[in-house]
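Chain residues, written in single-letter form:
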Amino acid sequence: MVRRLLIGTALGFLALFLALPLAAVVTHALGDGVPAYLRALRDPDTLAAVRLTLLTAAIAVPLNLTFGLAAAWAITKFAFPGKQLLVALIDLPLTVSPVICGMAFVLLFGAQGWFGSWLSDHDLKVVFAVPGIVLATLFVTFPFVARELIPLMQEQGTEEEEAAVVLGASGWQTFRRVTLPNIKWGLLYGVIVCSARAMGEFGAVSVVSGHIRGVTNTVPLHVEILYNEYHLAAAFAAASLLALLALVTLAMQSLVEWQGRRRGEST
Amino acid sequence: MSAVRRGKPVLPGFGLALGFTVTYLGLVVLIPLSTIFVKSAGLGWSGLLAAATTPRVLASYRLSLVASLAAALISAVFGLVVAWVLARYRFPGRRFVDAFVDLPFALPTAVAGLTLTTLYAPSGWIGSLLAPLGIKVAFTPLGIVLALTFIGLPFVVRTLQPVLEDLEIEVEEAAASLGASRWHTFRRVLLPAIRPALLTGFTLAFARAVGEYGSVVFISGNMPLRTEIAPLLIMTKLEQFDYAGAAAIAVVLLLASFALLVAINLQAIGRRRAASARGTT
Chain A
1 MVRRLLIGTA LGFLALFLAL PLAAVVTHAL GDGVPAYLRA LRDPDTLAAV RLTLLTAAIA
61 VPLNLTFGLA AAWAITKFAF PGKQLLVALI DLPLTVSPVI CGMAFVLLFG AQGWFGSWLS
121 DHDLKVVFAV PGIVLATLFV TFPFVARELI PLMQEQGTEE EEAAVVLGAS GWQTFRRVTL
181 PNIKWGLLYG VIVCSARAMG EFGAVSVVSG HIRGVTNTVP LHVEILYNEY HLAAAFAAAS
241 LLALLALVTL AMQSLVEWQG RRRGEST
Chain B
1001 MSAVRRGKPV LPGFGLALGF TVTYLGLVVL IPLSTIFVKS AGLGWSGLLA AATTPRVLAS
1061 YRLSLVASLA AALISAVFGL VVAWVLARYR FPGRRFVDAF VDLPFALPTA VAGLTLTTLY
1121 APSGWIGSLL APLGIKVAFT PLGIVLALTF IGLPFVVRTL QPVLEDLEIE VEEAAASLGA
1181 SRWHTFRRVL LPAIRPALLT GFTLAFARAV GEYGSVVFIS GNMPLRTEIA PLLIMTKLEQ
1241 FDYAGAAAIA VVLLLASFAL LVAINLQAIG RRRAASARGT T
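Protein sequence lines, in the order shown, are assigned to chains A and B. Last residue of the first sequence? That's 267 in the working numbering, and every number before it is there in order. Last residue of the second sequence? That's 1281 in the working numbering, and every number before it is there in order.
Read the hints as simulated data drawn from the structure, not as lab findings. It should be emphasised that the depicted structure is a prediction, and the values quoted were computed from it without experimental measurement. In this text, a Cβ means the ideal position worked out from N, Cα and C, and glycines have one as well. Be a bit skeptical, because a hint or two may be false.
[Said to hold, decoys possible] Residues from chain B that keep clear of chain A, each with C-beta distances beyond 12 Å, as calculated:
#: 1; residue: Pro1012
#: 2; residue: Arg1056
#: 3; residue: Leu1133
#: 4; residue: Ala1256
#: 5; residue: Ala1259
[Said to hold, decoys possible] So the derived label-pair ranges between C-beta atoms look like this:
#: 6; chain 1: B; residue 1: Arg1188; chain 2: A; residue 2: Trp258; range: 15 to 25 Å
#: 7; chain 1: A; residue 1: Pro81; chain 2: B; residue 2: Gly1221; range: 42 to 52 Å
#: 8; chain 1: B; residue 1: Ala1131; chain 2: A; residue 2: Leu38; range: 27 to 37 Å
#: 9; chain 1: A; residue 1: Leu55; chain 2: B; residue 2: Pro1092; range: 50 to 60 Å
#: 10; chain 1: A; residue 1: Lys83; chain 2: B; residue 2: Phe1037; range: 21 to 31 Å
#: 11; chain 1: B; residue 1: Arg1056; chain 2: A; residue 2: Tyr230; range: 45 to 55 Å
#: 12; chain 1: B; residue 1: Ser1034; chain 2: A; residue 2: Lys83; range: 20 to 30 Å
#: 13; chain 1: B; residue 1: Trp1183; chain 2: A; residue 2: Ala58; range: 45 to 55 Å
#: 14; chain 1: B; residue 1: Gly1221; chain 2: A; residue 2: Arg51; range: 30 to 40 Å
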């Protein structure tokens, strides 16, 4: 009896909070009919936004992946003073508001910023241009791969790598042949989460982008612009792309988790 | 954890990895954040204090704080129920629900904000049901709490799930065999065991909620002194090119972020120590 009540409450809450919004996205996106939906998706500004979103993720994710691997290697295979502080600092972007993150880059590279005059002398733009968007996304998605790898590699310990070194493997060989295969599912999971976050980031990018249509709008920003102009169906059309991305992300996450569990790894 | 040798490490790559890590961290995170402190330092102490404590700014802190607390609490309660149900019961579709819980995590905040606003606006599916009852959700603090609950939920569930799954059934069985009722067992045996994880989940949800922008900017209506949360106010000041004013508020929020970060990490250390003391890691 208690069991059924609890399950009912949980499912009811989730249906109200999670499923209903998803259903709303689909319904409102198709609100003006399917042809209007397709037209909204093919709109040049929307396509430009999609391209920019993908480009940003394509740059930010590999960089943060490299960082995650380096950080996890240093933190989990060695002992050094300040390790705890480093771990805490890596988590920092998670607690900082995205608006503050965007603002930091404006203060750094904006016209009045620390590098403002240097940039304008060399005719380079960071803020209100694509590089600024990439940097802001980099900051916000910074911890994800590292946070995924650190507990995983911590649990795996150092015995296998030490054995490889003792048997004569170089550092890179050890990393490639011993460590990487062990962490591949956790790594994949981290990359998926990082990519999803990179493509969906809104607050930080909103501050640095300048909202220039067709040039510095990512899909989330495009959604906001359409909404502010009362093009509700078009806004939901763009949002539906992001919602689809979210569902694909969830599916891939489960798949990776399941695979990892099958091979005896925990993610 | 394997034994750590003092002196030269056996494994190579320490210098390279640590060097790269610290440099990257400094360039991408630390230096940008320092600009905010430097900018606000330019105001001087009195200027900083004045800018950070105008009535509108104070109202925004209050709203952010209260709304985030409320949202984190609701997330904690319902998150516990959801995590409990997922960890301890088997029912059809359980795996699907389990994956689905991460939706607020995976869904871009703009989409969440847009959708929640449309749902709860007076003309929306739910808003139209509540309007005759006199309940307004969109463009009120209630809507803000709603959006913040949405995004905080996965933090609580994902922090609680492993702990609930690891609970040893023997302790509960012992309690039952000694005559404890189920509620008694829950309150005296289980709740203390999961309290650290619950606290961590709550803190994570709270920290996320305080800084949240995307999901809230749509549903709040941004009315100064009424529905303007702190991140929104920062954004408004930036749009008006009042960088110094924005930096002042940002400093306050950053200090709060640091404090929460410390709390979360201390909690994590405490939980690890407790787990190893119990013999499970």
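Here's how the hints hold up against the structure:
{"no.": "1", "hint": "Pro1012", "in the structure": "violated, 4 Å"}
{"no.": "2", "hint": "Arg1056", "in the structure": "holds, 16 Å"}
{"no.": "3", "hint": "Leu1133", "in the structure": "holds, 16 Å"}
{"no.": "4", "hint": "Ala1256", "in the structure": "violated, 8 Å"}
{"no.": "5", "hint": "Ala1259", "in the structure": "violated, 9 Å"}
{"no.": "6", "hint": "Arg1188(B) with Trp258(A): 15 to 25 Å", "in the structure": "violated, 36 Å"}
{"no.": "7", "hint": "Pro81(A) with Gly1221(B): 42 to 52 Å", "in the structure": "holds, 50 Å"}
{"no.": "8", "hint": "Ala1131(B) with Leu38(A): 27 to 37 Å", "in the structure": "holds, 34 Å"}
{"no.": "9", "hint": "Leu55(A) with Pro1092(B): 50 to 60 Å", "in the structure": "violated, 42 Å"}
{"no.": "10", "hint": "Lys83(A) with Phe1037(B): 21 to 31 Å", "in the structure": "holds, 25 Å"}
{"no.": "11", "hint": "Arg1056(B) with Tyr230(A): 45 to 55 Å", "in the structure": "violated, 28 Å"}
{"no.": "12", "hint": "Ser1034(B) with Lys83(A): 20 to 30 Å", "in the structure": "holds, 22 Å"}
{"no.": "13", "hint": "Trp1183(B) with Ala58(A): 45 to 55 Å", "in the structure": "holds, 53 Å"}
{"no.": "14", "hint": "Gly1221(B) with Arg51(A): 30 to 40 Å", "in the structure": "holds, 32 Å"}
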